[in-house]
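Residue numbering for the sequence shown follows our numbering, beginning at 4 and increasing consecutively.
Because the hints were derived from the structure by calculation, they are not lab data.
Certain hints may be false.
Said to hold, decoys possible - Derived lysine to aspartate or glutamate pairs resembling EDC-like cross-links, with alpha carbons at most 16 Å apart:
id	residue 1	residue 2
1	K69	D144
2	K187	D158
3	K151	E71
4	K312	D353
Stated by the list, open to error - Pairwise CB distance ranges (calculated):
id	residue 1	residue 2	range
5	L344	F192	44 to 52 Å
6	F190	L454	23 to 31 Å
7	N78	G310	29 to 37 Å
8	F467	S408	35 to 43 Å
9	N74	P16	48 to 56 Å
10	D447	I468	21 to 29 Å
11	L61	F192	34 to 42 Å
12	V429	L24	36 to 44 Å
13	F467	R313	47 to 55 Å
14	N74	R313	34 to 42 Å
15	G448	K80	28 to 36 Å
16	I468	F352	47 to 55 Å
Each residue gets a CB set at the ideal place from its N, CA and C atoms; glycine is no exception.
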Amino acid sequence: MIFNSLEFLFFLPIVFALYWLLNNKRLVIQNALLLIASYYFYQCWDYRFLFLLVFSTLLDYVSGIKIEEANNIKNKKIWFWLSISFNLGFLGVFKYYNFFAESFTDLLVGIGFKVDLWTLKVILPVGISFYTFHGLSYIIDIYNGRIKATRNFIDYSVFVSFFPLLVAGPIERATHLLPQIQKKRKFDFQLAADGMRQILWGLFKKMVIADNCATYVNDYFDHPGDVSGDKLMIGAIFFAFQIYGDFSGYSDIALGTAKLFGIRLLKNFAFPYFSRDISEFWRRWHISLSSWFRDYLYFPLGGSKLGKKRAIINTLIIFTVSGFWHGANWTFIAWGVANALLFIPLLVFDLNRINIDTIGENRRFPLITDLLKMGITFFIVCLLWVLFRSDNLNQAFQIYSGIFSKDVIWAPFWILYKKPFYFILVMLLFEWFNRSKDHGLQIDGIKSTALRWVAYLFILHFIFIYGAKSQEFIYFQF
4 MIFNSLEFLF FLPIVFALYW LLNNKRLVIQ NALLLIASYY FYQCWDYRFL FLLVFSTLLD
64 YVSGIKIEEA NNIKNKKIWF WLSISFNLGF LGVFKYYNFF AESFTDLLVG IGFKVDLWTL
124 KVILPVGISF YTFHGLSYII DIYNGRIKAT RNFIDYSVFV SFFPLLVAGP IERATHLLPQ
184 IQKKRKFDFQ LAADGMRQIL WGLFKKMVIA DNCATYVNDY FDHPGDVSGD KLMIGAIFFA
244 FQIYGDFSGY SDIALGTAKL FGIRLLKNFA FPYFSRDISE FWRRWHISLS SWFRDYLYFP
304 LGGSKLGKKR AIINTLIIFT VSGFWHGANW TFIAWGVANA LLFIPLLVFD LNRINIDTIG
364 ENRRFPLITD LLKMGITFFI VCLLWVLFRS DNLNQAFQIY SGIFSKDVIW APFWILYKKP
424 FYFILVMLLF EWFNRSKDHG LQIDGIKSTA LRWVAYLFIL HFIFIYGAKS QEFIYFQF
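Starting from the given sequences, assemble the full structure and let the hints guide the process.
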């Protein structure tokens with residue numbers, strides 16, 4: 004079951020209605036309904052992996068209590084490392100075993116040894132990278148004394164597996180989500196209405212932007228040796244908007260859906276293609292993951308408090324790990340390292356936090372200098388996305404060779420003939436004028452009700468006429 008499917012169209016209203024009908028009952032009953040709905044949602048993907056989700060949840064629930072109740076540091080560490088080891092162990096086996104096995108085999112073959120490769124024939128459990136990080140943050144926060152362990156298993160289970168965020172985030176913190184789960188919720192019409200707008204905007208970005216861009220990206224990138232440089236450049240631009248429309252569209256639907264249940268999830272995107280440098284881009288892209296690595300890896304490693312040299316090393320580590328988190332492929336590692344190498348000069352010269360305000364604040368249109376900075380940053384990000392999209396480093400090299408060939412000069416001309424270009428302009432227009440808000444369709448500030456509904460119907464028209472049907476989200480593979 005995916006957000007842009009007919010199944011979800013029936014599933015969501017049923018759960019919504021039952022949820023608020025139970026509002027006058029005990030909170031535990033309402034949360035139990037959320038848990039049942041979340042487990043049903045997950046088993047629709049593959050019921051065989053539901054046990055893994057339940058086991059991980061139970062392990063962290065028990066470990067959290069044992070860590071808090073430990074009467075000495077030794078027992079505390081035992082339960083802490085037990086939880087960490089199992090969580091990372093599951094993630095390592097299902098997601099990374101084959102990568103390490105194949106890489107090690109290639110190394111041995113390269114130095115003259117003949118070996119037989121043994122790999123696991125398993126499917127990657129959907130959402131494992133996300134719910135594993137939910138559990139890890141919970142255990143780490145208890146261990147460091149930031150939060151108390153919850154004794155209510157249903158509440159904790161909802162925190163880990165709340166269906167809007169279960170498959171592809173955002174990556175939540177217990178400090179943010181658990182208190183909302185543990186208290187009585189009242190129906191908030193304004194919040195629910197904004198949730199519906201955000202769901203609509205997410206569907207537009209996924210079905211109209213991402214899925215229409217995907218057609219061209221697949222045609223151009225799957226056989227780069229047979230495609231001209233101008234088309235490869237267009238493919239790089241379209242992939243930038245495909246992955247943005249796909250992933251931020253998912254996040255918008257997740258956040259909007261949660262609002263229907265009176266719950267606010269962490270903001271995951273803040274209009275990243277309006278960034279003026281790579282540092283600002285990473286403050287605006289996949290915010291929940293970037294902040295997770297900052298708080299649970301960068302700061303524990305010393306952050307920037309131990310001098311510039313240590314800050315550079317730590318930055319390289321978190322970007323490399325971030326790349327590897329996305330998938331077991333050298334292209335993701337190269338993508339992470341490349342981002343680090345572009346970020347580090349800003350860090351060295353203390354330029355990494357010069358663009359922390361909203362671009363063009365109190366202005367209708369950007370300054371020419373800001374426009375140039377956005378254009379340069381976007382071009383760099385497009386080049387980096389080539390690594391992310393490529394199946395291997397050889398394919399990435401082929402694409403780069405085409406992009407930097409002489410016939411790429413025709414790309415600005417030919418892109419005008421591609422339908423997704425005009426969908427992208429519509430999206431950018433909405434997002435620019437709402438760039439200080441939570442999402443591109445948050446137009447409740449427009450006083451005219453008729454004008455607001457014209458905008459909603461305009462977006463609905465695009466979805467029904469041009470939207471692709473029931474295509475999976477890119478980040479499900481991570």
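These are the hints, each one checked on the structure:
Only pairs whose Cα atoms come within 16 Å are accepted, and K69 paired with D144 is accepted, the gap being roughly 14 Å. Of the pairs offered as hints, the one joining K187 and D158 holds, with about 12 Å between alpha carbons and a cut-off of 16 Å not exceeded. Under the criterion of a C-alpha separation no larger than 16 Å, the hint pairing K151 with E71 is consistent with the structure, at around 7 Å. Between K312 and D353 the alpha-carbon distance is near 13 Å, which keeps this suggested pair within the 16 Å criterion.
One distance hint, 44 to 52 Å for the beta-carbon pair L344 and F192, holds here, with the actual separation near 49 Å. For the hinted restraint 23 to 31 Å between F190 and L454, the CB-CB distance of approximately 27 Å keeps it satisfied. Checked against the hint of 29 to 37 Å, the pair N78 and G310 passes, with Cβ atoms roughly 36 Å apart. The hinted window of 35 to 43 Å between F467 and S408 holds, with their beta carbons roughly 40 Å apart.
Our hint of 48 to 56 Å for N74 and P16 holds, since their Cβ atoms are close to 50 Å apart. For the pair D447 and I468, the beta carbons lie near 25 Å from each other, so the given range of 21 to 29 Å is met. Checking the proposed 34 to 42 Å range against L61 and F192 shows it holds: the Cβ atoms sit about 37 Å from each other. The hint said 36 to 44 Å for the Cβ distance between V429 and L24, and at roughly 38 Å that hint holds.
Take F467 and R313: their Cβ atoms lie about 54 Å apart, and the range 47 to 55 Å holds. As the Cβ distance of N74 to R313 is approximately 36 Å, the hint placing it in 34 to 42 Å holds. Our hint of 28 to 36 Å for G448 and K80 is violated, since their Cβ atoms are close to 52 Å apart. Under the hint 47 to 55 Å, the C-beta atoms of I468 and F352, about 49 Å apart, fit the expected range.
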